[in-house]
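Novice: Sequence:
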Amino acid sequence: MRAKIQSAVSGKIDAIGLPILALFWVSFFWGTTWIASKEGVKHMPALQLAMIRQFVGGILYVGYFILKKEPWPKGKQWRTILILAILNFACSNGLSTWGVQYISSGLGAIIGAIFPIWIVVICFFQGERIAKLAITGLLICFGGICIIFMDHLGDFLKPDFQFGIFLSVISTITWAFGILHTKKKAASFNPYFSLGLQMLLSSFLLFGITETFGMNISLTKIPTTSWWAISYLVVIGSILTFVAFIYMLQHLPTEITGIYAYMNPIVAIILGVLLFGEILTPAIAVGVLVTLLGLYLVNKSIRKSRS
Numbered sequence: 001m002r003a004k005i006q007s008a009v010s011g012k013i014d015a016i017g018l019p020i021l022a023l024f025w026v027s028f029f030w031g032t033t034w035i036a037s038k039e040g041v042k043h044m045p046a047l048q049l050a051m052i053r054q055f056v057g058g059i060l061y062v063g064y065f066i067l068k069k070e071p072w073p074k075g076k077q078w079r080t081i082l083i084l085a086i087l088n089f090a091c092s093n094g095l096s097t098w099g100v101q102y103i104s105s106g107l108g109a110i111i112g113a114i115f116p117i118w119i120v121v122i123c124f125f126q127g128e129r130i131a132k133l134a135i136t137g138l139l140i141c142f143g144g145i146c147i148i149f150m151d152h153l154g155d156f157l158k159p160d161f162q163f164g165i166f167l168s169v170i171s172t173i174t175w176a177f178g179i180l181h182t183k184k185k186a187a188s189f190n191p192y193f194s195l196g197l198q199m200l201l202s203s204f205l206l207f208g209i210t211e212t213f214g215m216n217i218s219l220t221k222i223p224t225t226s227w228w229a230i231s232y233l234v235v236i237g238s239i240l241t242f243v244a245f246i247y248m249l250q251h252l253p254t255e256i257t258g259i260y261a262y263m264n265p266i267v268a269i270i271l272g273v274l275l276f277g278e279i280l281t282p283a284i285a286v287g288v289l290v291t292l293l294g295l296y297l298v299n300k301s302i303r304k305s306r307s
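Counting along the sequence shown from 1, when you hit position 68 you're at 68 in UniProt numbering, and nothing is skipped either side.
A portion of the hints provided could be inaccurate.
[Claimed, not checked] Below, computed lysine-lysine pairings styled on DSBU-like, alpha-carbon distance capped at 35 Å:
# : residue 1 : residue 2
1 : Lys76     : Lys300
2 : Lys68     : Lys132
3 : Lys184    : Lys68
By construction, these hints were calculated from the structure, which means they are not laboratory data.
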């Protein structure tokens with residue numbers, strides 16, 4: 001019976017394709033990490049949560065590759081890893097986690113999805129021409145964001161809401177810089193081992209910041225709810241989904257892998273409504289669809305320029 005079950009499961013995986021399953025995994029579970037982050041930061045400092053998540057995830061990654069006797073990075077590779085640790089984890093993940101302490105998980109996920117816009121803007125300032133398709137996409141994205149924030153105009157008078165939006169936007173900019181730097185510099189060493197080293201280094205950086213400014217609380221004061229959130233973020237968000245993400249990038253065309261960026265905010269919004277009672281208004285629903293259409297056009301323009 002066990003052999004029949006294994007054979008059936010294996011047959012299904014072969015029929016669908018492991019890379020496609022990886023894409024589905026990333027599309028859904030990275031959306032759920034916004035919910036876990038929101039739940040965790042209700043009861044503890046956000047940067048401390050990000051620091052613990054990255055430390056535990058980094059230790060597990062690095063420990064695995066030490067046991068496998070994987071060659072360590074050499075020379076200038078360490079500089080690249082340090083830069084990516086700052087951009088991708090200390091800044092992007094740290095600030096986005098901090099941001100959802102002040103805004104809804106769904107809104108944080110929507111803002112997190114706009115990073116392709118910054119890629120276009122950064123490339124423009126580096127001397128690349130912006131295609132008409134990209135400009136169209138940018139304008140549509142801007143219109144979609146305006147529609148979404150129609151229901152939050154009153155919230156902009158609240159300093160906490162303003163701060164949450166600011167943190168979330170900065171996190172997307174650093175993620176865009178991290179993606180561009182990864183494409184330029186990080187192809188010469190094991191990407192999985194590199195991820196673990198980035199997480200570990202970023203956790204040390206965050207610990208230095210949070211300790212210096214007195215932002216940490218005692219580990220004994222962190223409630224069980226937050227520890228469950230951290231566990232979920234480590235296992236699902238930092239390990240399994242990152243492995244699936246890299247595998248997906250290695251085995252699927254770019255135009256297909258970009259789907260995850262559109263699915264994550266939709267998953268986060270739906271789960272935010274179901275689990276936290278976050279309000280889904282017609283303006284937010286329409287605004288999300290318009291924004292995602294704009295992002296699709298921006299991504300399409302980026303792919304055309306690369307080809």
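Novice: Could you run down the list of hints and mark each one as holding or not?
Specialist: We went through each hint and held it up to the structure:
no.: 1; hint: Lys76 - Lys300; in the structure: holds (33 Å)
no.: 2; hint: Lys68 - Lys132; in the structure: violated (49 Å)
no.: 3; hint: Lys184 - Lys68; in the structure: holds (27 Å)
Checked against the numbered hints given earlier, this structure breaks only hint 2.
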